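Q: Two independent chains are provided; combine them into the complex using the hints.
As you go down the protein sequences, you meet chains E and L in turn.
The first sequence begins at 1 in this note's numbering and counts up by one.
The second sequence begins at 1 in this note's numbering and counts up by one.
No lab work stands behind these hints, which were simulated from the structure alone.
Some hints here could point you the wrong way.
Taking CB as the label site, the calculated pair distances span [to be verified]:
| # | chain 1 | residue 1 | chain 2 | residue 2 | range |
| --- | --- | --- | --- | --- | --- |
| 1 | E | Val76 | L | Ile19 | 22 to 28 Å |
| 2 | E | Leu48 | L | Ala177 | 38 to 44 Å |
| 3 | E | Gln175 | L | Gly226 | 46 to 52 Å |
| 4 | L | Ile257 | E | Leu9 | 39 to 45 Å |
| 5 | E | Gly243 | L | Pro225 | 44 to 50 Å |
| 6 | E | Ile177 | L | His227 | 48 to 54 Å |
| 7 | L | Lys52 | E | Asp188 | 53 to 59 Å |
| 8 | L | Ile265 | E | Trp5 | 36 to 42 Å |
| 9 | E | Val16 | L | Asp224 | 27 to 33 Å |
Remember, predicted model here, so these are calculated numbers, not experimental data.
Glycine included, each C-beta is placed from N, C-alpha and C at the ideal position.
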Amino acid sequence: MLTHWRQYLAISPFFVIFGVFSFFPVFYSLYLAFQRWDGMGTMQFVGLDQFRFLWSDPVFWMSIRNTLVIWVLSTVPTLFGALVLATLLHSVRRFKSFYRIALYIPNVTSIVAVSIFFGAVFSNNFGLVNAILGMVGISPVPWLSNPWLIKLVIALLMTWMWTGYNMIIYLAGLQAIPTQIYEAAKLDGAGPVRTFFQITMPIMRPIILFTVIISTINGLQSFSEPQVLFGSNAANPNLGGPGQAGLTTLLYFYQSAFVNNDYGYGAAIVWAFFVLIMVLVVVNWRLVQRGRKS
Amino acid sequence: MTAAVTRRSRRPKGLTAHIVLVLAVLISVFPFLWTIVMATNTTQDIYKSPPKLTFGSQLLENIRHVLDTIDFFGSMLNTLVVATVTTVLVLFVDSLAAFAFAKFDFPGRKVLFAMLVGFMMLPLQLAVLPQFILMSDIGWVGTLKALVLPALANAFGIFWLRQYIQNGVPDELLDAARIDGAGFFRQYWNIVLPMIKPALSFLAIYAFVGAWNDYIWPLVVLTDPGHLTLQVALAQLHVGHTTDYSMVMAGVLMAAIPLVVVFTIFARGFIAGATEGAVQGS
Numbered sequence: 001m002l003t004h005w006r007q008y009l010a011i012s013p014f015f016v017i018f019g020v021f022s023f024f025p026v027f028y029s030l031y032l033a034f035q036r037w038d039g040m041g042t043m044q045f046v047g048l049d050q051f052r053f054l055w056s057d058p059v060f061w062m063s064i065r066n067t068l069v070i071w072v073l074s075t076v077p078t079l080f081g082a083l084v085l086a087t088l089l090h091s092v093r094r095f096k097s098f099y100r101i102a103l104y105i106p107n108v109t110s111i112v113a114v115s116i117f118f119g120a121v122f123s124n125n126f127g128l129v130n131a132i133l134g135m136v137g138i139s140p141v142p143w144l145s146n147p148w149l150i151k152l153v154i155a156l157l158m159t160w161m162w163t164g165y166n167m168i169i170y171l172a173g174l175q176a177i178p179t180q181i182y183e184a185a186k187l188d189g190a191g192p193v194r195t196f197f198q199i200t201m202p203i204m205r206p207i208i209l210f211t212v213i214i215s216t217i218n219g220l221q222s223f224s225e226p227q228v229l230f231g232s233n234a235a236n237p238n239l240g241g242p243g244q245a246g247l248t249t250l251l252y253f254y255q256s257a258f259v260n261n262d263y264g265y266g267a268a269i270v271w272a273f274f275v276l277i278m279v280l281v282v283v284n285w286r287l288v289q290r291g292r293k294s
Numbered sequence: 001m002t003a004a005v006t007r008r009s010r011r012p013k014g015l016t017a018h019i020v021l022v023l024a025v026l027i028s029v030f031p032f033l034w035t036i037v038m039a040t041n042t043t044q045d046i047y048k049s050p051p052k053l054t055f056g057s058q059l060l061e062n063i064r065h066v067l068d069t070i071d072f073f074g075s076m077l078n079t080l081v082v083a084t085v086t087t088v089l090v091l092f093v094d095s096l097a098a099f100a101f102a103k104f105d106f107p108g109r110k111v112l113f114a115m116l117v118g119f120m121m122l123p124l125q126l127a128v129l130p131q132f133i134l135m136s137d138i139g140w141v142g143t144l145k146a147l148v149l150p151a152l153a154n155a156f157g158i159f160w161l162r163q164y165i166q167n168g169v170p171d172e173l174l175d176a177a178r179i180d181g182a183g184f185f186r187q188y189w190n191i192v193l194p195m196i197k198p199a200l201s202f203l204a205i206y207a208f209v210g211a212w213n214d215y216i217w218p219l220v221v222l223t224d225p226g227h228l229t230l231q232v233a234l235a236q237l238h239v240g241h242t243t244d245y246s247m248v249m250a251g252v253l254m255a256a257i258p259l260v261v262v263f264t265i266f267a268r269g270f271i272a273g274a275t276e277g278a279v280q281g282s
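One chain only, chain L, in its complex shape (with noise of 0.2 Å):
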């Protein structure tokens, strides 16, 4: 009998839920569904009242308007660099800092770990200016460097990181290797690097999703408008053609593409280690 309760009770209410989730899906991928039917017609098109809401036939032509109008494809290969460039240093520097927190008693240990803690609490929009001075002091301003040196130092990475390695890698395997005579660095590069795997590809997604979208930094260093990242290019044609939302959208559609693919990719793996990171960082 009770089963036959719950069970009536809970129907309508799963049914509700999926309602409700499918809604919410909906409002959140209508923006990708309707970028592309602005960047598939005309901006007439789209501007006629009522507005056209099916996919046109134009979004070759508009995406040649945006080559025509950006160097599309040489933004797109400076943020490809300094997010692949970027991605691949944070995960060395982070992983080799982590092992050393999470394994290795050594003084100061614990001070420096908590330092490291705060300094994630530092807005780092408190440095954006003197890092622009110190930039252009050391000749940097304009140069994909000045992009890929300040986002190292990823201070959240090695927090969660740690948090991985203590609970992931067993001491006994770093202690059955220390005894067969391996050092600080084969330990690193033998036994926890491939025992973190799934932590990785984590922090790779969250470091290369935030270097290609980053906006404000490049923004502002990046002062030579024939050499600049994807994101302030995009902003830079929505500036100088506001009118014409179609061809705005079409390179909106098309920055978004790779993104979209590697998100898809790595989605459930990226998505399960969101959640651990936030739990344990509550």
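The shape of chain E in the complex, shown without the other chains (with noise of 0.2 Å):
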């Protein structure tokens, strides 16, 4: 042990740091989900009680539902927009580079930014979508008041910032199959679509598999879209925009947490949540391994 000490001094700020403000903190909020609680009184243990409010929450499964219609919303274009722009990227053989970093941008935009120019694009009465649909006979679309409309935008934002960083990842896993697979299936007369769907796809499907996590992970996470979107100030009856239909799991446990102070049933909302996205990775796992044996 002691002749180690300079490798543990290396990494034990790292360790010390993240169980300070990371490790502690995940495990205090399950506790803090057993507790009523409002940051300055006394903590009072009400045990399942938060999480027995939760179930019976009409807010609470609005938000659920929410999400997860702007997730599946998102990511299944976002999935598949990446792939498709991955392959012909991988097909061509000039200015592959300037594709991959004009395409990357989008992701390293800030949240906030993009919220905003969505905020003033799709804006119900005078936005640059509805101005082009006017010039062509079509009337204003409420893009920021139907309750549909108000996850199709947040959706398509999603899409916009995750598509290119999906490709990357894509055009990764493409590049590293050998070319003589392709020669070879060439020669026993394989056209492209089928080229495509017997030898890419099984061989990228570990590939698939890992974005599929990830954007389950994050996609499961919007906050900032909808809290930018549709303004945050505590008064605000309609966080989420109008009918709440923009109110996303986060969103509603930062309202509950940090708006109303209810930091027992914040952490129970955050602590449900993050099993739900736990069972949903499990599922997508589960759906995508099974396609690997039929």
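A: This is how it looks when you write it as structure tokens:
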């Protein structure tokens, strides 16, 4: 032990900081979920009360529904688009790095800036999208007040931000496939579509699985998009937009914990949500794995 | 003959690919162009029907408006300080730990590294509320320290640098240094650090962009409206003046410039690094 003190010293800053600022807080929030506390007075142990209330809280379930709908609406086109773009990019020779950089740029822009931008462009009365629709004779679409369109706009925003990121990952996977396999397939007379589904897809399966898991974890955590799009002042009863159609679970957590100062309930929301994410990750994992066997 | 066939079938396919890719590029850069259009016109011009689609001359006016509404340079300075300090410290903490994990066998190494990989899966939203309580207990709420410290525990960075050191730094070189009497920290400083520069520059951009764009944690912990980071200040601009989009867009534009400059300079290395990390991470 003592002969290795330098190595332990080298790794200790990470473990100390992680322990204090991440690991301990994660479990402390589990403890909080069993208390009633406004952050000022004394804590009161209430057992499973918070979770019981959660179970019968229509706003919580609505926020879960909103999150899931937004997640599906964004993940499916993101991953599909990323795979198509990666395949195309893999097939071209020129301007490769230009395309990679230009398509990756959305992912390094700030969510706040992008959300403000989408708010302006999809604005109900004056936005660019409605102005263009107006020019071809279509009456304005209430993008930011219809419950479904609100979710669609948030999903579009996330698709715009994450397609390039996933494309880069797929491209790396495609480049790792030896070209001999494709030459052999060509000799056997396989066309591009057949090659794609019988060679590319099976080899790419682990990478696709990776992106599905990452997208599940990231996509379910949408918070900033609706928070910025629909304003965030404490007196706002419509947090998450008209009809709260853009109230995601993390936004509801934020409201409960930091706007209403209901710490115990906030902790219960975020832990219940974590369990949901884990369930969905496992389900996704199983689905992609089962696809392999059939 | 085979060559002729492949060529004939390849050329149109290549062209279609380029057309689709160019369209995708247009979609991904369009928001930047349109932000400039909005920022250089008046709000009335953009909201006219049909809207004004060309650059205007109102940029300076809009910028002045931004500077009157929020403490733009103050929050930019805050963001710059937080992002720079975070980046430098993350590089140091992560590379040191990564070197120990990559090249030394010490009791508990495997368990500790497995824990670290497990930590990457922990959803940090679970920690936000207790982190806030912790920060208010030690009196750091509203300070920039509260932004830097939690960001230092970057498990991904260690994981990623360890791979790089394992493959990129030959054992023979370290053995030679050891024979010459170099200890752990000398090997780290004089051999490992210079050899992992590409990996460090990727991690630097990754950490800097992450800190620059972070929103939820600064929103929670920076309570003083006169003392914000850029992202939170921008969001406030939006809430306070929902109708004056030209002004808000001028702010968005100004806030994006430093990041766009940093990203364009390092883009190639950054994307190559992101690619490596993605494939190894899978």
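Q: Between glutamine 175(E) and glycine 226(L), is the Cβ distance one that fits in 46 to 52 Å?
A: holds (50 Å)
Q: For the hint 48 to 54 Å, verify it against the beta carbon of isoleucine 177(E) and that of histidine 227(L).
A: Once the Cβ atoms are compared, 52 Å apart, the range 48 to 54 Å for histidine 227(L) and isoleucine 177(E) holds.
Q: Can you let me know if the beta-carbon spacing of valine 16(E) and aspartate 224(L) is within 27 to 33 Å?
A: holds (29 Å)
Q: Evaluate the given range 22 to 28 Å for the C-beta pair formed by valine 76(E) and isoleucine 19(L).
A: Holds: the Cβ-Cβ distance is about 24 Å, inside 22 to 28 Å.
Q: Falls inside 39 to 45 Å, the C-beta gap from isoleucine 257(L) to leucine 9(E)?
A: holds (41 Å)
Q: Range first: 38 to 44 Å. Now tell me if the beta carbons of leucine 48(E) and alanine 177(L) are that far apart.
A: violated (59 Å)
Q: Holds or violated: the 44 to 50 Å window for the beta-carbon distance between glycine 243(E) and proline 225(L)?
A: violated (29 Å)
Q: 36 to 42 Å was suggested as the range; check whether the CB atoms of isoleucine 265(L) and tryptophan 5(E) agree with it.
A: holds (40 Å)
Q: 53 to 59 Å was suggested as the range; check whether the CB atoms of lysine 52(L) and aspartate 188(E) agree with it.
A: holds (58 Å)
Against the hints set out earlier in the document, violations occur for numbers 2, 5.
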